[in-house]
Each structure stands twice: as structure tokens, then as C-alpha cells.
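Visitor: Given the coordinates of chain Z, work out where chain B should sit on it, guided by the hints.
Each chain is listed here by its residues.
2 protein chains.
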Amino acid sequence: MKNVKVVLAGFGVVGEAFAQLILDKTEFMAEKYDLSVSIVGIAGASKGSVLNNDGLPLAEIIGAKKAGKQISEVCDGEKNLSTIELIEKAKADILVEVTPTNFVDGLPGTKHMDIAFDNNMNVITVNKGPVALDYNRLFNKAKAKKLQFKIEGTVVAGTPVISLIEKSLAGADISSISGVLNGTTNYILCEMEKGLDYESALKQAQELGYAETDPTGDVEGHDVAGKVLILANAILGADISYDDVSCEGITKITSQMVMKAKAEGNRYKLIGEVINGKNVKCKVQGDEVAVKVDSALAINNLASVKPVLVDSNSFLGSLTGAQNGLVIDTDILGEVCIKGPGAGGRETAFAVLSDLLSIVTG
Amino acid sequence: MKNVKVVLAGFGVVGEAFAQLILDKTEFMAEKYDLSVSIVGIAGASKGSVLNNDGLPLAEIIGAKKAGKQISEVCDGEKNLSTIELIEKAKADILVEVTPTNFVDGLPGTKHMDIAFDNNMNVITVNKGPVALDYNRLFNKAKAKKLQFKIEGTVVAGTPVISLIEKSLAGADISSISGVLNGTTNYILCEMEKGLDYESALKQAQELGYAETDPTGDVEGHDVAGKVLILANAILGADISYDDVSCEGITKITSQMVMKAKAEGNRYKLIGEVINGKNVKCKVQGDEVAVKVDSALAINNLASVKPVLVDSNSFLGSLTGAQNGLVIDTDILGEVCIKGPGAGGRETAFAVLSDLLSIVTG
Numbered sequence: 001m002k003n004v005k006v007v008l009a010g011f012g013v014v015g016e017a018f019a020q021l022i023l024d025k026t027e028f029m030a031e032k033y034d035l036s037v038s039i040v041g042i043a044g045a046s047k048g049s050v051l052n053n054d055g056l057p058l059a060e061i062i063g064a065k066k067a068g069k070q071i072s073e074v075c076d077g078e079k080n081l082s083t084i085e086l087i088e089k090a091k092a093d094i095l096v097e098v099t100p101t102n103f104v105d106g107l108p109g110t111k112h113m114d115i116a117f118d119n120n121m122n123v124i125t126v127n128k129g130p131v132a133l134d135y136n137r138l139f140n141k142a143k144a145k146k147l148q149f150k151i152e153g154t155v156v157a158g159t160p161v162i163s164l165i166e167k168s169l170a171g172a173d174i175s176s177i178s179g180v181l182n183g184t185t186n187y188i189l190c191e192m193e194k195g196l197d198y199e200s201a202l203k204q205a206q207e208l209g210y211a212e213t214d215p216t217g218d219v220e221g222h223d224v225a226g227k228v229l230i231l232a233n234a235i236l237g238a239d240i241s242y243d244d245v246s247c248e249g250i251t252k253i254t255s256q257m258v259m260k261a262k263a264e265g266n267r268y269k270l271i272g273e274v275i276n277g278k279n280v281k282c283k284v285q286g287d288e289v290a291v292k293v294d295s296a297l298a299i300n301n302l303a304s305v306k307p308v309l310v311d312s313n314s315f316l317g318s319l320t321g322a323q324n325g326l327v328i329d330t331d332i333l334g335e336v337c338i339k340g341p342g343a344g345g346r347e348t349a350f351a352v353l354s355d356l357l358s359i360v361t362g
Numbered sequence: 001m002k003n004v005k006v007v008l009a010g011f012g013v014v015g016e017a018f019a020q021l022i023l024d025k026t027e028f029m030a031e032k033y034d035l036s037v038s039i040v041g042i043a044g045a046s047k048g049s050v051l052n053n054d055g056l057p058l059a060e061i062i063g064a065k066k067a068g069k070q071i072s073e074v075c076d077g078e079k080n081l082s083t084i085e086l087i088e089k090a091k092a093d094i095l096v097e098v099t100p101t102n103f104v105d106g107l108p109g110t111k112h113m114d115i116a117f118d119n120n121m122n123v124i125t126v127n128k129g130p131v132a133l134d135y136n137r138l139f140n141k142a143k144a145k146k147l148q149f150k151i152e153g154t155v156v157a158g159t160p161v162i163s164l165i166e167k168s169l170a171g172a173d174i175s176s177i178s179g180v181l182n183g184t185t186n187y188i189l190c191e192m193e194k195g196l197d198y199e200s201a202l203k204q205a206q207e208l209g210y211a212e213t214d215p216t217g218d219v220e221g222h223d224v225a226g227k228v229l230i231l232a233n234a235i236l237g238a239d240i241s242y243d244d245v246s247c248e249g250i251t252k253i254t255s256q257m258v259m260k261a262k263a264e265g266n267r268y269k270l271i272g273e274v275i276n277g278k279n280v281k282c283k284v285q286g287d288e289v290a291v292k293v294d295s296a297l298a299i300n301n302l303a304s305v306k307p308v309l310v311d312s313n314s315f316l317g318s319l320t321g322a323q324n325g326l327v328i329d330t331d332i333l334g335e336v337c338i339k340g341p342g343a344g345g346r347e348t349a350f351a352v353l354s355d356l357l358s359i360v361t362g
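Residue numbers (this note's numbering), protein chains in the order written: chain Z, 1 to 362; chain B, 1 to 362.
If we strip away everything but chain Z, and leave its shape as in the complex, we get (with noise of 0.2 Å):
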């Protein structure tokens, strides 16, 4: 039987989901792919670090974390590393990164990712801000190591939006990619379009967890057009940055609004959209006006974040609460539309899963 090792940067709700998946599929991956995956090290941010490149146990270091003890506590390895030491000093063959997302300067993923890959490891993220910011750098530098760089749970959780482009769509042409790529405010406004304000309708979203208590990066479209940017940086061979982006969020939606747009069978929903500057269509007022763009995305507004009013009946009118859906147009097949979930640790976890698959079995 095939046997992987890795480590695991982040032991936050991801990182756990992913030990636990880890163990949930053992059997599955053993029969399915003859194949083991063992965790050599883990480093958290409130709980400790431990390396132990024969494995870890994953169900006692699970069990030490809820119950608030060091993950260290249950274990033989090394022991009080720094994140850094620990990926230097682990005998593993994939970095899992999943310490928290920052869109700022992308630190600490990226330094994380940067001595992976100077250490021959592939790297799998989930950590939105060293991709977003950083990714045509990382891919060029795993790419001249012959590594690989996987970033499937970076947009949708664990909906294979990447994979499908990347691989299913391979010989497909891709002119644009829109849709709902944050489920916090489309929870929002589903509930403000069954009779909620604003206000209220955000609060009941803090309290199913959907929302942070500081809902800034949501509601003002900061997420989503993080992921427009990984979108258009790593699936349509972009050079942009966050700037480049426009964005605006949901704040200024009224329930006014969204009751007039449902009497007349629309819905407004936080779009987020990449149009490739290769084969740009620009619609203007509802006509279809050819332009002829030089280099990819030259044009600031082709990455957008903003409301649009939506047919309810639509693909992207149907989704509802926390739901997640991305339509992409190709050349050949015209729209293609993938629903699923866009967020939950164990969702986002499988992400993870899929890329390690995709890595191990090709």
C-alpha cells in the first residue's frame, strides 16, 4: 500500500476536520486507492505543535484539543517547534496550509508555502490571502521544482469548481465565471427576502455561526472578491491583484429593494464575476459589444464583486441560504453550473482531500 505523509499547518476548524477525515476514510482510501495517508506533524496556534515523522495518533490529539488540552499532551515526538521548524524538520510529502486567511501581506501561509517547496514538499491550501496574493509566484516556483501547488478549497469549500475547470473542462475555452461565492450574505438576503431587515437578518446569520461577529470582510464583498482574484490569477491565467477588483458589498441593499425585486419574480444577489480579458465580451445596456482586449484582465472592471438583480428562477436565483453556485461559460458547451456547499469546516476539509487524491493518483 501506497503511504503519504504530511503536515499540517493550522489546527483551527479546518485542520481538525482534516485529521478527522483523515481517519473517517482510512478504509475508503485503503480500498479504494491502496493508499495511507499519515500525519507527521502538526502545528497550531493555541494548542501546541508536535512532530513525529513514523505518524501521529489522530484520535488522541483530536481528543486532546476538545478538551482544551496541548496536542502535545498525548503524544511522543518532537515537541514546542515553531511552525516554521516543524515544516523544515518533517519528513512529508504534502504541506496541508490552513492557518487563518490574511488578505493583507498573506502571512504567515506564504512563508509556510515558500519553505515547503524549497524543502521538496507539495503544497494543498485552503488560506485565501497567500493565493490571492501570491499565486502566479508560488505555482511558477512549485512548477520549476516539478511540485504541485493545490488551492481546490480556496473558493467553494469543498465544491470542486477548481478541479472541474482544471481537469473536466480542460479543452474548454473559458470566457467568464460568475456566481455566489459567499453564503453568509446570500443567507442574508434570502432572509431579508422572507420578511427580515437587514439588521436582524445579519444577526440571525451571527448567531447560526454564518457570520463573524465583526462581518466587515462579508458584507462589504471583501471575500468574494478574494476569490474572484484566485479565480482569475490561477484558473484564467491573470496577473492581477486585489486592486484590480471592483468591489461592493451588500450594505446598501434595502428591504425595500429586495421586496420590489421580489414582486417582479427577481432576487438580488452578491456576484461575484471574472470575465477572461482574452475573449472579452463587455455587455453594454443589454447589447453584446465585441472588445478587443491586448493582455489579460488589462481592464480594471472585468473582475467584479456587486449586487445584481437576478431572475428568482434562474441557476443563480435558485440558490438559497448558505448555498454556494458558480456558472461558467465555455466556448463549446455554452453554460456550465455547479451548485453545492461553499463553507463548513468538514466541506472545506474535503477540499483538502480531493487535492491530496489528485496529487497521489494523478
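Treat the hints as calculated values from the structure; they're not laboratory data. Idealized CB from N, CA, C, for every residue including glycine. Incorrect hints may appear among the rest.
[Unchecked claim] Label-pair distances were calculated between CB atoms; the ranges are:
#1 Z:R137 with B:D118: 44 to 50 Å
#2 B:G334 with Z:D118: 46 to 52 Å
#3 Z:M257 with B:T361: 45 to 51 Å
#4 B:G321 with Z:M257: 48 to 54 Å
Guide: Showing chain B alone in chain Z's frame:
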């Protein structure tokens, strides 16, 4: 640049569209994958056959076909070979098998595929008959010779359902797959909702080229049953036969039933469904009752085709006209849904291209 050689059995709508797609995508494949594709042999039913292991001039051959000429008239090569002789003599990496579907015994498609495997070629097909009737044997034969047997185009044309499940959802346990898998019947049901009676809607579908002159295969559900069988055997690892699929078409659906459903916010859809016998949950009168089944799909009605009332605002309810869509129920992500075109020569040829890129680029 890597060159891959293809022999093409079948030169009808899909075969011609594939040749055209290879022409149209020459630059795309060179730039994106450093790949060139040569078609070295073509065998059609009515337009003759030609083999030239140095590669055939596709533009001239497509032109000849459109002009009603024999394709061998416009190029050098060995002519008047039977399809079997042509496959045997072709120095090709891949057989693209796109002869007409035969659900009775799978011939001549199955024979062509066997010969290709015997001659160490990979096989890509959109031919439902051999895949529905003989998937497991053909797959195992390919596997024993370390060859690939790719079938993306057999289920929903180019919409990437097979690769989505096999690659992107590789880490998931699939409990069921259900969906709208036939454009003709979906079109008819949608037109009935607009006020046409069944006969008029069928006539309109025939005029638009969706339905055959003899529409039995579509309206009685046989086409969907074939696709359900493919999903069961090729994707869910079952080993069932056509007779194991319970099958009811749309011919008993009246305008009155459609209008009553509409008034209640529902729609009839012809749903093909396969439930994974390994972890089956039988839905009994709204409640879920766990049923343990020893062998996959041992219970006859786990693979079925029948008209089902669905909520008009649901994902399946939202599929209009000739659209196809699937709901894939997974252990970790819950429902993942995909929709796209389910028919069309160029769309189906795209599935062949996807399979080819998967074989060549991994």
C-alpha cells in the same frame, strides 16, 4: 511537441464534429498542452473510409463529407478497408468509437473496442450500447493491458459528469445520482406546461431535431435507462443489466396532470436515478428507513427511470428545454449539482476531447 494519433470509427454527426473540433482547437492545444492531435484513419458508414498513418487532411475530408462525396476522394491513403481492418492497420494511440448506439447487443461498437484493446490502443467512446451492456468486461480488459477506457460522452454529452465524479469527487462516497438525462423528454414536458398537448409538443421536438422520427427510445425512457445503467456500472461499481433498471417513460403524462402540477408549484421531470446499493437509504413514504443490502444494487428498483413531481424552484425543477442536470448525493458535501447541455454533435465531441486530454495529460 507531443503528438497523439487517433483512429476514428464512425463519421456521422459526432465523428465529423470531433474532426472539426480537432481542427478548431489546434492552436489552443499547442499553446496550452504542447500537444498536436493527428487523425490517421476514419471509417464511416456511408462516406467510405481512409487510412494514412502520417495523418489525414481534416479540412478536406470534412469538406468532402459536406459535399456528399466519399472522404477517400480527397486524400491519399489506404482506401476501402472495413472498419475492423482500418482499426487493425492503424498505428494509433487512441480509438475514438462513435458509431451508432445499439442497445440490443452493442455491436459493432463492442467489437471495435475489443480490437483496439487487442492492438494496444486506448478507447474513447460516446457509444452508449457497448458501455451500458458490457462496461465491466471492457474496463477490466483495458485495465489488464494498462490502457484507458473513457466514456464521458455517454451520459450528458460534453457536460463533465463522469470526470466530475471520478476525479473531482474522488474522495467522496456517493449514495445516489439522479437527474434529468434526456433533453427531448424535458423539452416536451416544458412545452406541455406552456399549453401544448403531448402530441403537439412531440411534433415540435421532432421539427427542432431533438426527437427522432421514431421517438420511442426517448419518450419510453429507454435512453435514460441506458444512461442510468452506465452510471450504476461505470461510476458506482455495480454489475447490473438493462433488465435491472425499472423504466417508465412520459407517455402517460397528460396536459391535465402537467397543469395541475404547475398550479401547485410543481413540475413533472423524467428522472433517472441510481442509488448506491452499498449504503442505501430507501425513502419510504417520506421517512428514511435504513436498509442493509449485501451486494451493490441487488434490489431491482434501485436503478430506475420514471416521471417524478419536483418543486419548480428546485435544481431539477429549474432545468428547462433541452437542459440536462444531475444531483450527486455525497457523504461529506451533501448534494453537488451540475447542469449543462445534454445533446448536440459539437457538445458530444467535446466529451471526446476531454477524455483525450485526460489520457494524454493525466
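Visitor: Each hint should be assessed against the structure and marked as holding or not.
Guide: Now the hints, each set against the structure:
no. : hint                           : in the structure
1   : Z:R137 with B:D118: 44 to 50 Å : 49 Å, holds
2   : B:G334 with Z:D118: 46 to 52 Å : 39 Å, violated
3   : Z:M257 with B:T361: 45 to 51 Å : 47 Å, holds
4   : B:G321 with Z:M257: 48 to 54 Å : 31 Å, violated
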